[in-house]
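> So the chains spell out like this:
There are 2 protein chains.
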Amino acid sequence: MDAEADRALRQLLRHTTVAALATLHQGEPAVSMVPYALLPDGRFVIHVSRLATHTQDMLAHTQVSLLVTAPVDVADTPLALPRVSVQGLASVCPPEAADHAAARAAYLARRPEAEELFGFGDFSLFLITPLSLRYVAGFGRAYAVTAGQYAALLRETG
Amino acid sequence: MDAEADRALRQLLRHTTVAALATLHQGEPAVSMVPYALLPDGRFVIHVSRLATHTQDMLAHTQVSLLVTAPVDVADTPLALPRVSVQGLASVCPPEAADHAAARAAYLARRPEAEELFGFGDFSLFLITPLSLRYVAGFGRAYAVTAGQYAALLRETG
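Residue numbers (my numbering), protein chains in the order written: chain B, 1 to 158; chain D, 1 to 158.
The hints are simulated quantities; they were obtained by calculation from the structure and are not laboratory data. Given the structure is predicted, the values throughout are model-derived calculations rather than measurements. Positions of the beta carbon are idealized from the N, C-alpha and C atoms, including for glycine. Just so you know, not all the hints are guaranteed correct.
Where chain D lies over chain B, by a calculated footprint (3+ residues, C-beta under 8 Å) [what the hints assert, rightly or not]:
1. 1–14
2. 17–24
3. 59–72
4. 80–88
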């Protein structure tokens, strides 16, 4: 990817509100919506209820996939919509974890209205560490992005 | 669900442009974006390239999941966004299939710009038959929808 594609991927990830989270549910793929935030190192932060199926799925099987898609009005046709699919590993981030304060702060910076949910006993933070990504910048413009390339491009601003 | 929720689910499905498609990829969940259309009976129509990973995944393992999410500006907060997760079975719909003409017409009615892709040898129509759905109408308002209930509510207009 060139610097322009790197920048566009950063903007897509930093400005989008929700992702589609695919988990393995009893051996089958299952997809649901999750609001997310990013840690500075590019890990995804989500805040989910233990009562939700996707949370139980992540506890039983840690590999997941996330899709972040630009708003439909960004492109003339759906196949030109910028989007990124992420393969990653999910892990719970309990209050005693070293990353918890940073994850909570990152999440609440994006979703201040979620603060009251932190008082609910069934909600937990999870971190999703990207293993590989596939970024589609537009029609026919797809890039494979390694975890190392992703971490490097996330360190830039703008 | 009441008539108002039925109507809102119909509108969500009929007016949204793209879905997140989760497939089983080498035993792991993988999610990608697909434009879609609906047949009158509620089956999803997608048009995908055999060169794409999700297409190979569907050929190898037919159970998939789709997520259709309302645009983020529909709700004040992401957790209130209307969305529906569908568990379904995917099958290729070749030109000689009885459903092909209807599927092609439904798809092109929604995505007229895709017509040229029908001339590409690697693109095929797939149908996804819903087995069950989970509709979230807003924060804390979730409904389990059976295939039978779904077919019935799709028969209504408006």
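> Examine the segment 80–88 of chain B for residues whose CB is less than 8 Å from any CB of chain D, and state whether their number is three or more.
holds (count 4)
> Check, residue by residue, whether the segment 59–72 of chain B contains three or more positions whose beta-carbon lies closer than 8 Å to a beta-carbon of chain D, and give the verdict.
Since 8 is at least three, the answer is holds.
> Taking a Cβ-to-Cβ distance below 8 Å as contact, does the segment 17–24 of chain B have at least three residues touching chain D?
Per the Cβ count (7), the hint holds.
> Examine the segment 1–14 of chain B: at least three residues should have C-beta closer than 8 Å to a C-beta of chain D.
Not satisfied, violated; 0 residues make the cut.
Hint 1 from the earlier list is the only one contradicted by this structure; the remaining hints agree with it.
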